[in-house]
Amino acid sequence: MAEIKNILLVGVGGQGTILASKILSTALVDAGYDVKMSEVHGMAQRGGSVTTQIRYGEKVFSPIIGKGEADVMVCFEKMEALRWIEYVKPTAKIVINDFEIPSAPILVGAEEYPQGIIEELSAKTEVSVFKAADIAKELGNPKAMNIVLLGALVKAMGIEDMDWDKYIAENVKKGFEELNIKAFRAGMDAI
Amino acid sequence: MTGNEAAARGAYEAGVLFASAYPGTPSTEILENLGGKYKNEVYSEWAPNEKVAVEAAIGAAIAGGRALACMKHVGVNVAADPLMTFGYTGTTAGFVIVSADDPGMHSSQNEQDNRFYAKFAKIPMLEPSNSQEAKDYMKIAYELSEKWSTPVFFRMTTRVCHSKSIVEMGERTEAESFKYEKQITRYVATPANAKGMRVKVEERLKIMEEFSNSTELNKPEYNGTKVGVISAGVAYQYAREVFGEDASYLKLGFTHPMPMEVIKEFASKVDKLYVVEELEPYMEDQIRAAGIDCIGKAVIPNMGELDTDRVRKAVLGLENPTLKAEKKAAGRPPTLCAGCPHRGFFYSLSRRKDVMVTGDIGCYTLGSAEPLFAIDTTICMGASISTGHGASKVFEKIQPGKKVVSVIGDSTFFHSGVTSLMDVVYNRGTSVAVILDNRITGMTGHQQNPGSGYTLMGEPAPAVDIPALCMAMGIKKENIHIVNPNNLHENEVALDKALGSDETSVIITKWPCVLKKITEEDKKAFDLSKKQCKVDPEACINCKMCIKTGCPALQAKDGKVVIDSGSCVGCGVCQQVCPMGAIQKAGE
Numbered sequence: 559m560a561e562i563k564n565i566l567l568v569g570v571g572g573q574g575t576i577l578a579s580k581i582l583s584t585a586l587v588d589a590g591y592d593v594k595m596s597e598v599h600g601m602a603q604r605g606g607s608v609t610t611q612i613r614y615g616e617k618v619f620s621p622i623i624g625k626g627e628a629d630v631m632v633c634f635e636k637m638e639a640l641r642w643i644e645y646v647k648p649t650a651k652i653v654i655n656d657f658e659i660p661s662a663p664i665l666v667g668a669e670e671y672p673q674g675i676i677e678e679l680s681a682k683t684e685v686s687v688f689k690a691a692d693i694a695k696e697l698g699n700p701k702a703m704n705i706v707l708l709g710a711l712v713k714a715m716g717i718e719d720m721d722w723d724k725y726i727a728e729n730v731k732k733g734f735e736e737l738n739i740k741a742f743r744a745g746m747d748a749i
Numbered sequence: 388m389t390g391n392e393a394a395a396r397g398a399y400e401a402g403v404l405f406a407s408a409y410p411g412t413p414s415t416e417i418l419e420n421l422g423g424k425y426k427n428e429v430y431s432e433w434a435p436n437e438k439v440a441v442e443a444a445i446g447a448a449i450a451g452g453r454a455l456a457c458m459k460h461v462g463v464n465v466a467a468d469p470l471m472t473f474g475y476t477g478t479t480a481g482f483v484i485v486s487a488d489d490p491g492m493h494s495s496q497n498e499q500d501n502r503f504y505a506k507f508a509k510i511p512m513l514e515p516s517n518s519q520e521a522k523d524y525m526k527i528a529y530e531l532s533e534k535w536s537t538p539v540f541f542r543m544t545t546r547v548c549h550s551k552s553i554v555e556m557g558e559r560t561e562a563e564s565f566k567y568e569k570q571i572t573r574y575v576a577t578p579a580n581a582k583g584m585r586v587k588v589e590e591r592l593k594i595m596e597e598f599s600n601s602t603e604l605n606k607p608e609y610n611g612t613k614v615g616v617i618s619a620g621v622a623y624q625y626a627r628e629v630f631g632e633d634a635s636y637l638k639l640g641f642t643h644p645m646p647m648e649v650i651k652e653f654a655s656k657v658d659k660l661y662v663v664e665e666l667e668p669y670m671e672d673q674i675r676a677a678g679i680d681c682i683g684k685a686v687i688p689n690m691g692e693l694d695t696d697r698v699r700k701a702v703l704g705l706e707n708p709t710l711k712a713e714k715k716a717a718g719r720p721p722t723l724c725a726g727c728p729h730r731g732f733f734y735s736l737s738r739r740k741d742v743m744v745t746g747d748i749g750c751y752t753l754g755s756a757e758p759l760f761a762i763d764t765t766i767c768m769g770a771s772i773s774t775g776h777g778a779s780k781v782f783e784k785i786q787p788g789k790k791v792v793s794v795i796g797d798s799t800f801f802h803s804g805v806t807s808l809m810d811v812v813y814n815r816g817t818s819v820a821v822i823l824d825n826r827i828t829g830m831t832g833h834q835q836n837p838g839s840g841y842t843l844m845g846e847p848a849p850a851v852d853i854p855a856l857c858m859a860m861g862i863k864k865e866n867i868h869i870v871n872p873n874n875l876h877e878n879e880v881a882l883d884k885a886l887g888s889d890e891t892s893v894i895i896t897k898w899p900c901v902l903k904k905i906t907e908e909d910k911k912a913f914d915l916s917k918k919q920c921k922v923d924p925e926a927c928i929n930c931k932m933c934i935k936t937g938c939p940a941l942q943a944k945d946g947k948v949v950i951d952s953g954s955c956v957g958c959g960v961c962q963q964v965c966p967m968g969a970i971q972k973a974g975e
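Those protein sequences? They're chains A and B, same order as listed.
Sequential numbering of the first sequence, starting at 559, is according to this note's numbering.
Sequential numbering of the second sequence, starting at 388, is according to this note's numbering.
FYI, nobody ran anything at the bench for these hints, they're computed from the structure.
What you are looking at is a predicted structure, and each value in this text was computed from that prediction instead of being measured.
No false leads were slipped in.
Far from chain B by the CB rule (all over 12 Å, computed), these chain A residues:
#1 L697
#2 E718
#3 K731
#4 G733
#5 A744
Heads up, simulated DSSO-like pairs for lysine-lysine below, C-alpha to C-alpha not over 27 Å straight-line:
#6 A:K689 - B:K714
#7 B:K931 - B:K918
#8 A:K701 - B:K917
Where is the CB? At the ideal position from N, CA and C, for every residue including glycine.
Can you build the whole structure from these sequences, using the hints too?
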C-alpha cells in the first residue's frame, strides 16, 4: 500500500484547530491526494481537549489516526502534547506552541501544570517550539494564532510550495485575508 | 465533505421535500445543511423533539413528498413509538430516518447500538462507511423506501458523520410526486387493520432478504483465501487498513436483513472468518445463528469505538511502536465557559447542601463537575423534572424536609420537560423546576428552538412564553420567579421562596448563552455591554472564593488571583463572591 501520512492537530476547544485542518485538507485534495479529516463536535468543545486529524496518501481508509501512527503532531497548547504523545511515531516531528491554557483541575488547584514538557520531548524526537500567540499578537490579532501554527505545520510537513495564499484567503473571514496570510508566513519562518 | 454534509446532499439530490430533526451530536449538521444550503428546494425545520420530527416526516411522506427525519442515537428512543407502527403501515413517498450513533460516547450519555432498531422495527437498514456512501446510499434509501413502501433506517456513527472525505456530487432530481388518496385500511393502525399489516411486514422482510443477497451493496471482494473479513460502516475502513490487500472482504452496506446466503458462500471460501463491528455483536450473532463459525467479540471489544490500533491489537496481537512520555498531562474536562449564565445559578445552588438536584442533558450538565458539584442525577432528555418529582414524593415519606430542585435548559424543556412539569403540577408536587433559559440550544452549537424567535431556515417565529406556559399548566403567578442568573442575590431570593413553598414553583433564569450570536431582541432585553472584571492585587488575599465558581478566566498566580482579559465577559459572578471587594468591573 502506498504510504499514508498522518497529521495530528491537538489543542483546546475554541483554539481553531478545525479551520487550520480545513485549509490544509483543501490544499491536499487539490494536490491530488485522497484525504480524510476527522474532527470532534459537541460537549468536548467546551474548553475540553480536542483533536483534528488529517490522513492523506494514494488511498486512505480509516478517517482517524491510531496509536503510534502520526508523522507530524502540532500542539496548539503545550500540555496537550503529553496527552496525545502515544499517537505519534517514535520518529515523528512535533511542533509545539509554547502557550499554556490551564485546565479546570489546574485552576482550582487539584492538579498542577506539568513542567519540563519541551525538555523531555526534545530529548526523544525532533521538536520545534515557538510562541505562536506572541506572533499573532504582534500582527495585531491574537485569534490568528491558529494560522500561525498552520504555517509552522506546513513547514514541518515540507509542503511549502503550494498556493497557500489562495487557500487561506478562501477560508478565512472576509477582511482578514491579508492578516492571516501574514500570520501563515510568520509561522513558516518561526521554525 | 463531512458525512453529515454528504447525507444532506444525498437527500437534496434525492428530491426530498420535507426534513425535520431535533439537534443532537453527531447528527446536527445534516439539517443545518439542508436548512441552509438547500432551503429553496427542501423545506427543513427543527422539531421540539425527535418523536415530533418523525411524526411530521411521516405525515409528509404519506401526503406524497419524500421526507427525512434525523437524530442522534438516543433520539430514536424518543421516536421509537411512531417508528414501530410506521414500519407496519409503510409509506407512500420515500421516508428515511437517520440514526447517528456515538460509539465511544464523545458527546452522549450512552453508546447504545441502534442497528437493533432496524431489526426490531423490521425495516431495511443502510450503513454508509464514508462521505461518498453517505450521499449515494441516501439516494438508494429513497428508491428502496418507495419500492417496498417502507421507512428506511439510515445508520451513521460519529466517525462517519464528522469525518471529511472526497465526494463526487450529482444533480437534484425531483422525485415522482404521489397524488394523495385516502387509504384507511392502510394508514389507520386499529387492531383490525394492523393485523393485516403485520402479515405484510413479514412478506416484505422476505423480499428485502432476497434483495440483500443480490445487491451490489453487499458484494464480496476476493483476494487471498486465508482470511476473510465481514464488516460494515466505519469499522470496515479500520479492518481494510489492518488486514490489507491479502485478505478477502465482505463489506455490507445493506445490513438489515442480513445477506445470509452471500455470507455463507463467503465463509466457505476463506479459512478464517473475522467479523469486525463496533459495539454489539449485531452481525456476529446472526452469523453464528446461521451456523457459521467466526471470530468477533471474543477478541474485539464491544465497548468504546474502534480504530485501526484497537482492531490490529485485537486480531493480530500487534501494537505500533509509539513515543512515550514520563510526564502526564493534567486532566482537561470540558467546562462551563467564562461568562456562562449557568455558572451563577449553579454557584448559588451549590451553596445549598440540603437539596437533591436532578439534572438534564445540555451544557449545564457540566454543573455536576468540579468545583460546583451542583447536580446529583442526569438520565436523559427531559428527565430532570420528572425524576425530581418522584424523588420528592419519596422524600415526603422517608426523609421529610429534604427538598428537590430540577434544572433543565430551555430547549430541553421544550423537548420533553413540559409534560414532566405538567406531572408535577397535576400531582401537587413541590419539587422546584428551574428552567435555564439561555435563549438558544447551546451544546449542539446554537440551533433555534420554539423559544428563540426564529426557525431553522431563518424566518422570524413566535417565541414560547415560558411563564405564560407555566401558568396555563396551573402554576400560580406568585410561584414563578424570573431571575438574572448572574445576580446571585436574585438567585438566593428565588431559591428561598421556591424551596419554602408548599406549592409547585418554577424559577426561570434568563440570560443569553455567552457564545450566542446576539440578536436585536437580545440587545433590547439584556444589558450585554462587556464590562470586564479586574482584581485589585492590593486587596486580594488569595482566599480563592472566586476560583470556587469554576470560571476558567480566573487563575491564582503568585499568591494573587488574576482574570484573563481574553475570556472575561464581565458576568460579575466572581465580583459578588469576593469577600474583600477586590474585584471591580471596568467603568464601575
